Amino acid sequence: MAEVTTTTPTRQGSDGAAPLELNKHKGSPARPVRVIVGAVGMAVTAWFVCNAFLAFAYYPGMFANSGILIGILGLVVGIGGSVLFFYFLNLCIEGFPTRFAEGLIPYAFLLPGFSLIALFLLYPTVQTIVYSFANDNSTAWVGLDNYTAIFSTGHFWSTLLNNLLWILIVPVLSVAFGLAVAVLADKLSPAGENAAKSMIFLPMAISFVGAATIWGLVYAYNSPGETQTGLLNAIVTTLGGDPQPWYQIDAARLNSLALMVILIWLQTGFAMVLISSAIKGVPEDTIEAGRMDGATEVRIFWQIVFPQVRATLLAVLITVLILVLKVFDLIYVTTNGLYNSDVIANLFFRKLFTDQQAGQASAIVVVLLILVIPILIYQVKSFRDQEANR
Amino acid sequence: MSMTMKDGRRRSIFATIAMPLLAILWTVPTIGLLVTSFRSREAAASTGWWTSLWEGGWTLDNYAQVLGDPSISGSLINSIVVAVPATVLPIMFAAFAAYAFTFIKFPAKDVLFIVIVALMVVPIQVAFQPMLDLLGPRGLGINGQFVAVWMLHTGFGMPLAVYILRNYMATLPHSVVESAKIDGASHFQTFWRLVAPMSSPAIAAFATLQFLWVWNDLLIAKLFLGGGENKTVIVSLQQMLGTQGQGTELLTAGAFVSMVIPMLVFFGLQRFLVRGMTAGSVKG
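In order, the protein sequences belong to chains U and H.
Reading the first sequence from the start, the letters are residues 1 to 390 in my numbering.
Reading the second sequence from the start, the letters are residues 1 to 284 in my numbering.
Read the hints as simulated data drawn from the structure, not as lab findings.
Remember, predicted model here, so these are calculated numbers, not experimental data.
We treat Cβ as the ideally placed atom computed from N, Cα and C, and that holds for glycine.
Keep in mind that a hint or two might mislead.
Per label pair, the in silico range of CB-to-CB distance [unchecked claim]:
no.: 1; chain 1: U; residue 1: 145; chain 2: H; residue 2: 80; range: 43 to 51 angstroms
no.: 2; chain 1: U; residue 1: 354; chain 2: H; residue 2: 16; range: 47 to 55 angstroms
no.: 3; chain 1: H; residue 1: 201; chain 2: U; residue 2: 80; range: 21 to 29 angstroms
no.: 4; chain 1: U; residue 1: 155; chain 2: H; residue 2: 136; range: 23 to 31 angstroms
no.: 5; chain 1: H; residue 1: 141; chain 2: U; residue 2: 47; range: 14 to 22 angstroms
no.: 6; chain 1: H; residue 1: 171; chain 2: U; residue 2: 375; range: 21 to 29 angstroms
no.: 7; chain 1: U; residue 1: 308; chain 2: H; residue 2: 20; range: 21 to 29 angstroms
no.: 8; chain 1: U; residue 1: 39; chain 2: H; residue 2: 141; range: 27 to 35 angstroms
Put together the whole structure using the sequences plus the hints.
Structure below.
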């Protein structure tokens, strides 16, 4: 391995401690002092950071009740603490004999990150599954009661149907619009392309609550006869129609569709950016070859460009799909699930927060978890394929 | 002559007409909010915002009131206090993990990374009930404090951070790391002196995504910070959305105030965001 890489010109990049090379090959013996100093250092750092963070929470008065001060101290303690922790961790590991240390180091690097993942994602997932078989204050087992309770209500099935509609409609349309914009923008002058893309990308910075406020002005409804202040109803009445309370119409799930428009509006920019970069990556000569053969632009797109960006389209579709499954804020701040517009995440929130039915809330999350399993398997599989091709 | 552009491509008439139309369609709702936020309640309730050019009703009062309201301006500061540490804290943990995944061979590496890929799909709702127990009065009792939300966002953001950073690091030339090793640098030194600085575009990309996500988050802020003194600006806005009559004119101004900072961050770091998202994250 060494013979291949010694010739790389970047060698001076690290501050060439050439003498260490010899040392490294021999392997260094155990240095117990380092191990101990490192271990003690880690413990003290962790202890200090934890106590500092708890102090922010328990005694805000010590920090003049100032959010800004707590924020700055949190940053300093958090970053400084993690630098120190990794320093001592490394010191501790390097104190072991070289061969042993080499094997240990990857796990040491993963340890802090994975501890957080285990604490905030893995443990709660297991715990939630357990809670779904327990009563509302998690003091006694109730078997499958929570599941039978949720599945026996018509509301839950209506909610599932809504989620299904969201899943079928939003990802496909977001990708379709993203693709259309990416293709059209690619044909403009660079300045025009940048301006158009920025305008479509902008909603990505807007929160769901902000978007709901913005679209509230589009969907606003005033009684017939009054001036319509909502853009959509103004257009409808100008065309001679009657104003409609859009969020309240559950016929054909029109209210859900109105809400989906908001999410598509938010997500198209994201889709566009990824698709656009894939389109720009299509080799020019494949397109040129199509032109030589006299193919129309439309045909060139479908037969040459599209197959080459299909993988990206699929990846974007899945990303939006994952987001759609968890959609909550939009429904919560607009209809709050009334008029048959509920979705799983909002139902979960209501059960947990408003109704205080932790057992059923957990069961709902488990249903959501089961729904994402196919996507999860697909993601892992496509990741493996990608790695095999790397 | 006018059929081709400066760079020699043919001009597409369809695109020159359709694209501006789409761009305008995408922008109109936001412009509606911006215009309405500068109109008085009476004007906004009696005429559409698009008529304001001739109907008038302009005022700066909404902004004066929103920024003068200590509850709203306080929540704006709270949002910064929540978002900045929650954006910065995950980065170092994730970067070390990503380094190990990219440059070190070790048993169980694939399995561990697949855990990361899988966890990006798992909805964070699974964590809420156990976390309310752990952080709430039944556990540590720090619910409602900034620390609780920093920790949650750090944990929840970790899989995405590791994933983005690892994919970016995989595009760095391995020879650089190999030669550092031959020069006797330890992994710790290689990480600090070479890989971390070289990964700064991906770090910026993750930071942008995480900042937007934390700033715009309603669910975690509402459950773990609540609607009281420590509420974020998004929770403020959500509370305003529920009001009727008096005070509705503040909603639009409040919404715009809540959007300004994420938009500045977004446009400031857009370049990195696009590069980080497209580098390896979604590869055909």
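*Check the following: the C-beta atoms of residue 39 of chain U and residue 141 of chain H are separated by a distance inside 27 to 35 angstroms.*
Because 30 angstroms falls inside the window, the suggested range holds.
*Look at the Cβ atoms of residue 354 of chain U and residue 16 of chain H and judge whether their distance stays inside 47 to 55 angstroms.*
Taking Cβ atoms as reference, residue 354 of chain U and residue 16 of chain H lie about 51 angstroms apart, which means the hint holds.
_Range agreement (Cβ of residue 20 of chain H with Cβ of residue 308 of chain U, hint 21 to 29 angstroms)_ = 27 angstroms, holds
_A range of 14 to 22 angstroms was offered for this pair. Does it hold for the Cβ distance of residue 141 of chain H and residue 47 of chain U?_
At roughly 19 angstroms between Cβ atoms, residue 47 of chain U and residue 141 of chain H fall inside 14 to 22 angstroms, so the hint holds.
*Is 21 to 29 angstroms right for how far apart the beta carbons of residue 171 of chain H and residue 375 of chain U are?*
26 angstroms, holds
_Within 23 to 31 angstroms: is that where the Cβ-Cβ distance between residue 155 of chain U and residue 136 of chain H falls?_
28 angstroms Cβ-Cβ, so the 23 to 31 angstroms window holds.
*asked:* Quick check: does the Cβ-Cβ distance between residue 145 of chain U and residue 80 of chain H fall within 43 to 51 angstroms?
replied: 45 angstroms, holds
*Range hint 21 to 29 angstroms: satisfied by the CB atoms of residue 201 of chain H and residue 80 of chain U?*
25 angstroms, holds
Checked against the numbered hints above, the structure violates none of them.
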